[in-house]
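Place chain Z on chain H using the hints.
Spelled out, the chains give:
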Amino acid sequence: MNKKKFRFLIVEDDEMIRLIHKDFLGELYPDSEIIEAENGAQGICHYFESHPHIILLDMMMPIMGGEAFLDILEEGHRSKILNKKPKIIVVTAIKDVKELMSIGKRFAVEAVISKPLVQNQLKSLLEDWIS
Amino acid sequence: MNNVLIIEDEAVTRMMYKSYVQKIAPEYDIFEASNILQGICLCFDRHPQLILLDMIMPTYSGKLIIDILEEGIKHKIISYKPKIIVISAIETVEELTSLTQRLLVSSVMPKPLPFDTLAEILTLHLKL
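Going down the list, the sequences are from chains H and Z. Positions in the first sequence are counted from 1; adding 14 to them yields the numbering used here. Positions in the second sequence are counted from 1; adding 2 to them yields the numbering used here.
These are calculated hints, taken from the structure and not from any lab test. Wrong hints could be hidden among the right ones.
[Said to hold, decoys possible] Covered stretches of chain Z (chain H as the covering partner; in silico rule of three or more C-beta atoms under 8 Å from a C-beta of chain H): (1) 30-40; (2) 43-57; (3) 63-70; (4) 75-81.
[What the hints assert, rightly or not] Not close to chain Z: a few residues of chain H, all C-beta gaps over 10 Å, as computed: (5) D28; (6) A125; (7) S138.
Every residue gets a Cβ at the ideal spot worked out from N, C-alpha and C, and that includes glycine.
For reference, chain H alone in the conformation it holds in the complex (with noise of 0.2 Å):
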């Protein structure tokens, strides 16, 4: 994937943790978009409106959570209504490893890491993904 012309979309209700999430990312990619969300059903319309490559998605939150957001995709695509298949990352605060792995197996969600975000493994994923 190209650097320049790269979108990030930061769906997560807490405004410190995305302004963190966002300027991290701004530093590492500061030619990429960064489109911020504050909750899954915000998230939602800017994934259709502006289809983001890259998601960071947190699970809970108010209005609608990361869970409809995830299967809103995954039916989306099941039922060929959506061609494009982004790379999410789920940033959460779940410690049930059950549900942690039920996560990970989901549609599109490509790593899950755990609250709070240590920024080192963030970017070697995205060093692997962004030349």
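Relative to chain H, chain Z alone:
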């Protein structure tokens, strides 16, 4: 766009709505979703002018699409505003009131649907 989206989990009911809308508004393309998740994807993909929405469906109710579209419009992420006709077996006045107060809900129809009333509502909202 001249599109109508029908979101209804019962295939027979969906087919009935489809043939009815086709008869009243033949110039409209009709898209069908058998659950709310498909409905959300089709809504963003096809930008329907009107959505016929069953509220009570398995897993996710019709409320989810209303929540998403309202949030998108409120935060200026999306610019189109489909009209939503909710078709639901409403049981309480509170339920009816809370639905009619939603931004995109143009009408709330009882289930089973009185087709004569639907014809009037379609004619009104699609400006036929």
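How the hints compare with the structure:
A count of 3 residues in the stretch 30-40 of chain Z with a Cβ less than 8 Å from any Cβ of chain H is obtained; the coverage claim is therefore met, three being the minimum. Residue count for the stretch 43-57 of chain Z with a Cβ under 8 Å from a Cβ of chain H: 4. That meets the three needed, and the coverage hint holds. With 3 residues carrying a beta carbon less than 8 Å from a beta carbon of chain H, the stretch 63-70 of chain Z meets the three-residue requirement, and the given coverage holds. With 3 residues carrying a beta carbon less than 8 Å from a beta carbon of chain H, the stretch 75-81 of chain Z meets the three-residue requirement, and the given coverage holds.
At the 10 Å boundary, the C-beta of H/D28 stays outside the reach of chain Z, the nearest C-beta of that chain being 17 Å off. Against chain Z, the non-interface label of H/A125 holds: every CB pair exceeds 10 Å, the least being about 23 Å. With a minimum CB-CB distance of about 31 Å to chain Z, H/S138 clears the 10 Å threshold, and the non-interface call stands.
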